[in-house]
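Protein chains in written order, with our numbering: chain V, 441 to 1099; chain X, -2 to 79.
All clues stand as given, with none of them false.
Ranges of calculated distance between the beta carbons of each label pair, as one might list FRET restraints:
#1 V:D929 / X:A18: 54 to 62 angstroms
#2 X:P55 / V:Q472: 41 to 49 angstroms
#3 V:K1040 / X:S76: 53 to 61 angstroms
Calculated from the model, a selection of chain V residues having no Cβ within reach of chain X, i.e. all distances over 10 angstroms:
#4 A571
#5 H573
#6 S655
#7 A904
#8 Q940
These are calculated hints, taken from the structure and not from any lab test.
Glycine included, C-beta positions come from ideal geometry on N, C-alpha and C.
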Amino acid sequence: MSDSTSNSTPDSTSPGRDPSSLRAQVDTLIAQGALDLAARRLAELWRRDPAPATASFVISRIDDLRDQTQDQLPLTKFRLAILRSFTVEPMVPLLRAEAFACGIDLEVHVGDFNTYVQDLVDSQSALYRFAPHAAVLAVRAGQVAPELVLGFADLASEAARPAAERVVRRVVQGYEQWIGAFRKHSQSALIVHSLERPSSPSLGILDHQSEQGQSGLIRQINRELRRIADGYPGVYILDYDALVARHGSEHWHDERKWLTARLPIAAGYLLPMAREWMRFIVPLSGRIAKVLVVDLDNTLWGGVIGEDGMAGIKVGPEYPGAAYQALQRALLDLSRKGILLAVCSKNNLDDAMEALENHPGMLVRAKDFAAMRINWGDKSQNLREIAQELNVGADALAFLDDNPFEREQVRSALPEVTVIDLPNNPLEYAAAVRNCAAFERLTLSSEDQQRTEMYAAQKQRAGAEQAFPSKEDFFRFLDQVAELEPVSDLTLARVAQLTQKTNQFNLTTRRYTEPQIAEVAKKPDWQVFSIRVRDRFGDHGLVGVAITRDQGEQCEVDTFLLSCRVIGRTVETALLAHLAESAAQRGRRRLKGWFLPTKKNAPARDFYEQHGFERQVTNSDGSLWTLDLNNSTLRCPDWIKLKVSVTSSTTKTTAGGRI
Amino acid sequence: MTASTLERVRHIASDIFGIKADKITAQSSPKTIENWDSMQHLNLVLAIEEKFGVQFEPEDIEQMQNIGAVAALVEKLQSATR
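Okay, chain V solo, but in the shape it has when bound (with noise of 0.2 angstroms):
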């Protein structure tokens, strides 16, 4: 029945953590006010019993929850809004449960039954009243093409050929138009289910014969919606059929459910749904996982290498050792994603390192991980060396760690961390790493997924910069290449995902979609510049982006951002010098900027001060910085070579300094 079974964690049925000693907790901590430990027990009882009536127990205690912190609990908030041509209303609470567990404060708009057209057409409509961050179409094949569905037989003879292509493209002009207008009124994500092929057609193997049948010609249908969303941003693709292939199709529908609620799915299966939707959601908030940190002993290796050595651990291409040789797959095609690996496991550093380097069944090698803890020291202090290590936040971290103990200690001593919680059998581990939502991305850059020897490069530097005795002569060694150049359709998505992830260089914190970038570039007084940056001991790829604003004699930046790699190795000073020098090319008197504070943007915090800027406002939001152009001393410093691009065909070299 339900997929929740198999992900029981191995204390559930310790005392006090079994679900209904929870509820009771959960309502003792909030008439308490204890609220931050409520909303803790709250996630691990929808972790421990994810099911349907859970669900309507956990937003209760969720709304409960908001009201009593004044809607100031640390969660992100996330608008969706759901088209439908089926009942969704039951799939609502786990789906605000599971986010609510992810981190995410959901609200969600769901459609009238079948009123998707009016909805994405009208620009007055309630989905666009309702502005969510993003959207869902939850269209089924018998509602949009009925046709294809029941009574198939008329149109599957060679005759009536022209009327099966007369509705594929009667379909296919329809999402046409749908998508085009829903982009055109909104710059929000749009989430598009696929249509699913039917499971017992009605030639039955015949079907399958022919690319005329209702099989073949859903997939057409499914293969324009691919050709479609690849012609818009922020347009994504639900692989329905895929999701209700994976689950079993005669598992996952419900016959009776459907004729007398017009609810397809079968009761085990809406949970399932609904976490589909949530592997779109987690990335589009930006609760994502940057770095999975992994555990060695019985979790990338069976055994403990201490005790059974070299010969006694399992890793290899036969039971048991292939179970961990399948997880190690899940983490390298992770690593593509440019997701860093990193380790934190509590062994001899020498017997650790041994089965790395060494041991012939790994698949995963000391190389592939960008930090390592191997000590018999506590889990979450090494969790918090491992951040500042890579520079991400301790809520960019997974962890990933048989030991339940440990899991419970991270936890509580690092609740923004990201816990997986490890099935009991091995065989499933590469499961639960491969379906978790915060290793999910829409896109993927050259930057993510060279992202593992970028980190390698780091860390050459680092030594290097050692062996320079000032930093100016490191500098000159480093041979910095800084390329500017306006948004092009090739960085669009890059530019999009740097707002969305970057947090500590960030002087305004202000989060874009793809389409709202591409919408602000084609305004004439508005400038958005990405900065790409190389040096000697590689290329850190597409590192930043500046979006500036002219408004009559100035020159407001709207957003300045760096990747963390980068900073203090003064690019940010070339950028800076650069939004300068444009604008007074542009025949701007002065360059203004806000500095808005957030929980992590205090490496930015003394950035405008430390360029010549004077302060102008400070209020409640942040502090206003001013530059007067006709008398600044803003150069780009003479160490690094900046090309600046006026467009993507033509390129002016600039000696640093003199731009």
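Assemble the complex: chain V is given as a structure, and chain X must be docked to it using the hints.
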């Protein structure tokens, strides 16, 4: 009907309707529980199907006049599948 089935159904109903379990008896029905409307009825049915691993027929769903009747139906379905 065993006490434990009724007990489990009462706790599920408690979550769904947002009422303390000790306020729910075998006689509790849409007449005595204010927000037992058609959508909550569907939620109750789904929650019970998920928890007990059973599937109700449309006719069954109409017969669920009160909590006791729901528990009795669960037991009937469970014995039929054994």
